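S.K.: Those protein sequences? They're chains A and B, same order as listed.
Under the working numbering, residue 349 is the last one in the first sequence; the count climbs by one each step, no gaps.
Under the working numbering, residue 1261 is the last one in the second sequence; the count climbs by one each step, no gaps.
Hints listed in this document are in silico derivations from the structure and should not be mistaken for laboratory results.
Here the structure is a predicted model, which is why all the values come from computation and not from measurement.
Don't take every hint at face value.
Claimed, not checked - Lysine-lysine pairs mimicking DSS-like chemistry, simulated, CA-CA at most 27 Å apart:
(1) A:K189 with A:K342
(2) B:K1234 with B:K1030
(3) B:K1122 with A:K189
(4) B:K1073 with B:K1234
(5) A:K189 with B:K1110
(6) B:K1200 with B:K1030
To be verified - Here chain B is said to cover these stretches of chain A; the calculated rule only asks that three of the stretch's residues, wherever they fall, bring their Cβ under 8 Å from a Cβ of chain B:
(7) 26–36
(8) 198–207
Glycine is no exception: its CB is placed at the ideal position from the N, C-alpha and C atoms.
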Amino acid sequence: MDMKREYYEDIQLLSSPVVIFWFVVLIVSLYLFPLFVDNYYVYVANYIAINIIVATGLNLLVGYTGQISLGHAGFFAIGAYGTIILMAKAGVPFLLALPCAALVAAGFGFLLGLPALRLEGPYLAIATLGFGLTITQIIGRMEIFGGREGLHAPDIIIGSWVLDTDKEFYFLLITLTILLLLFMRNLIKTRVGRAFIAIRDADIAAQTMGVNIVYYKTLAFAVSAFYAGMAGGLYAFVLKFIEPEIFTLMMSIMFLAMVVVGGLGSMMGSIAGAALLCWLDLKLRNILDIPYIGDWLETLSQNWFSITGVSNIQFIVFGSIMVLIMLFEPLGLYGVWIRTKKYWRTWPF
Amino acid sequence: MGAPFFRVDHLSISFGGIKALQDIGFTMNKGEIFSVIGPNGAGKTTLFNCISGLYQPDQGSIRFKETAIENKKPDAIARMGIARTFQNIELFSHMNTMENILLGRHIHMKTGLFRGMVMWGKSSFAGREETRHRERVERIIDFLELQNVRDTFVGGLPYGTQKLIELGRALALEPELLLLDEPCAGMNSEEKQDMIFWIKDIQDDLGVSILLIEHDMKMVMDISTRVLAINFGKQVTLGTPEQVQQNTEVLKAYIGEEKQV
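One chain only, chain B, in its complex shape (with noise of 0.2 Å):
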């Protein structure tokens, strides 16, 4: 056994008075879907954010492979093979579809300013670039069925269509761990149940390992490996779907406990 694919040691970080998380570690091993849940405000987000490089934590170390992360930039992150979806869209409101999943594109390219000037025709570096992976864009829009929006601007598109766009521009990086912030917030039950799909296909045909964000607990219980609970950034409880389930301290943190008068 080499070094496990993806590790969280100690992490903690705070804001001013606010302890965000307090010492989270687990260990995560390649082609899982681990989730984790908590209440709102519990710092999941923070957790993602520390992950991706948005937040420096204060102490605790994140490993990927056999690197540590917790230091690195965001695109340095993502150029090892991290990628990232948002809670609140994050979308390029002004490119169209096409050209969102293309930046997903972005460390898997090398025109530069001047082979990006000098873009001569579909034979040069550049228009053989642009092809090659307008080609590759192509089967992931065909992928989440996204063909009927592919030259419209994003910005005004259906919320539950901008964050599968979103899923698409991050799966365009491919990445080794995928970081799914609610995907399923704000949508209908049918389309609920196309992301599911979707999510165990990225899993078993595309070989990510996913991390997810999600406060559906019946999409969570069926297609997680492992579940990690947090409140007020303290972990509650790490284990399989059932373990977590039966766990007293969670149904607490979400139900709250009956108190005695």
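Same shape as in the complex, but just chain A (with noise of 0.2 Å):
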């Protein structure tokens, strides 16, 4: 037997010619999925694949660097305005938009990753949330984001090519979701993601191994930032039309709440989380068209919650199912994912 092993196999994402197969499926379907189904699934899509991206990132300082983010909704933000005001205000073209307004969102990043430095749990939390509500503050207030009356999403011109289309874009926002994926998946297996989570594990012995703390720790948050700003501009294009007050403290709890109930570093998880928590919200919005149990959940909702009965059911029974899922698997979906795995190995044992 040949034991010589190559130790690039340790870290390969396409290890073996089953992966590889799968691997080219998924990425076909992918791209082949908006010809067969309506309008409204290639909105989903984008929605979900938007907040897969916020998600992924989120978890790279959450899951993997053991920071915690209440105010990425304001990195979001940085990127929608900015992609929208560099395009039309400045004339930038959208593919160099988009990267330089992320870039302004991952310097803001950095910056609210100073004070990361010295302060833990729950003061970061609520410092990071100042900053979230404040850059919508701020937005509101200055003439230049269009104040409270929100700006309009310009079409985006590559070349020729004029995506005035939820399907166009689609192409366009799954080929960024793919590469900002493997970027991701890269970088959390290589030399700075193994430092990222040294940090989180043991910050103590990662510091006298030579890891520079202040650097990785603001380069988390900045690289965090970087992704929820690219995701924001791109979502400047979903909606067609932003205002501050889409950008909200609920928005940031529920990339959070994504992250978490995907399972805290597992990129598997957080890619599960944000399709099912965006599944849910656009799904659970229309819970009293469903027959027998929405007529039940009407009833319920008016006679205990409120007059009108669909203003927030909904969310009681999104709260409800993420109450459910951290019960029953504190590891979130990934702890699914590996009990599921572990069952089909040793089937039927």
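Mind docking these for me? Both chains are given alone in their own frames, and the hints should help you get the complex.
M.R.: Have a look at this one:
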């Protein structure tokens, strides 16, 4: 038997022909999918893809580096406003404006990372929360950002290709999402990613092994903010219109919920968490249309929670599902995935 | 003769009213195994924390080769070639053995944010670097006989194995000076025997100088070239193992003195 091994295998993404096959199938089906479904589902896919980008970035910060942020809606807003302003006011093409706006977000991420060097846990949560709230206030008061009236997104034109439908935008978005996910995956598997995890698990040992904590903590904030900024810039073109009220504290909390429900410190978890929560969010808005259950929930809500019966029942169901997931699987969806994999590997024993 | 390899002078540090270290001073030569002994709470680990930059001493100096290191950050000290292990294990519990030791290679690797992100196949910069350093780590894993836990998460491993992985991680840094904080604590005699061989090998084959904290006196006397005894943060004596063994102050510190009733 040939015992010589290639060390690259340890970190290889496409480690076997079977994996390559499924990877190709996944990519191809992601690109073919909009051809077979109607526009609404393309819109849903766009919405989910954008949240996957944010969740992946936030997971780098929360799951891998062990910091916390309740201000990611702020970075998201910077990305959205930055992209539109660069395009509309400065005439920068979309493909340049988007990363530039995300870099601005990364700059703010770096600044927010500085207090993180001294703050931990709940204190850091409050500091980042303050940042998220401040950003929307500033944007809401400034004329250049459209104030409370908001801004309209211009058309995206790449070369001679005008992306004015959800489907066309989907192809651009899915390409960027796949690229950003691959970048993140590589980052986590190599030196910088290991330094992040080391800081989370034992920061003192990491320092004495030569990891510069100041640099890596602020870097984690910057990269995480960059991802949120990219996603924000893309989100502006899904909505076609942005205003400060979109980027609320609730949004920051939902980003965090995606990461936690998906599973901290797992990229698969971020993807699954973002997909599940977005899907639930969109589906539960129509919960009252479901036969029988909808009627029952409406009566329940009218009797106990609100007179209109529509406004809050979706959040109650939503919250209950999150509580149940955390209760039965603290590792989140990633934990479910690990257990299923184990089950089938040892099946039928 | 140039500057001494490692020199501590008049080192003092206090926490509030507690004088944890007072006027500690010694010189270490290259290639030595230099032991620090003393009862619990004597200040041995505090001394290590000062050397590795976790504490800033109030007074005194620590010089490694030519450079004063007492005001440097821990990561800067690590980059100069000083590595350490911890008394209470400080491993990265959600990484496997390979990745833990690989983190010891951190200062020798160059892959940054961008080159890491675009690791595109094994011929990319990051791919080649990862392969090369994993190969080195594999040699450390072979040396410490950790092959069977190579891909296991370290959090659940037995105590002795975790101590070994810490040693491996410190070795991966290729230090010139290695600080070992009770490497044999909690080990049975067989594991201790292995650890002693490894420490000797590290000194002889790799040419690493070792600063050692250990409570097992037999081991200390066997392998040390010189011993420093401290008690209540003060230097009790410094000399060869034989000299220290015969020092009455040391006996007093460990066993206590006979009280005249």
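S.K.: If a hint holds in the structure, say so; if it does not, say that too.
M.R.: Evaluation of the provided hints:
1. The suggested pairing of K189 of chain A with K342 of chain A holds, with an alpha-carbon distance near 23 Å, which does not exceed 27 Å.
2. Between the alpha carbons of K1234 of chain B and K1030 of chain B the distance comes to roughly 25 Å, so the proposed pair stays at or under 27 Å and holds.
3. In summary, the hint linking K1122 of chain B to K189 of chain A is supported, as the alpha carbons are separated by about 13 Å, within the 27 Å threshold.
4. This hinted pair checks out: K1073 of chain B and K1234 of chain B have alpha carbons roughly 25 Å apart, not beyond 27 Å.
5. Proposed proximity of K189 of chain A and K1110 of chain B is supported: the alpha carbons are some 14 Å apart, at most 27 Å.
6. For the hint linking K1200 of chain B to K1030 of chain B, the alpha-carbon distance of about 14 Å falls within 27 Å, and the restraint holds.
7. Remark: the stretch 26–36 of chain A is not confirmed as covered by chain B, as 0 of its residues place a Cβ nearer than 8 Å to a Cβ of that chain, below the required three.
8. Counting residues of the stretch 198–207 of chain A whose CB falls under 8 Å from any CB of chain B gives 8; the rule of at least 3 is met.
Figure legend: structure checked against the earlier numbered hints; the only hint not met is number 7.
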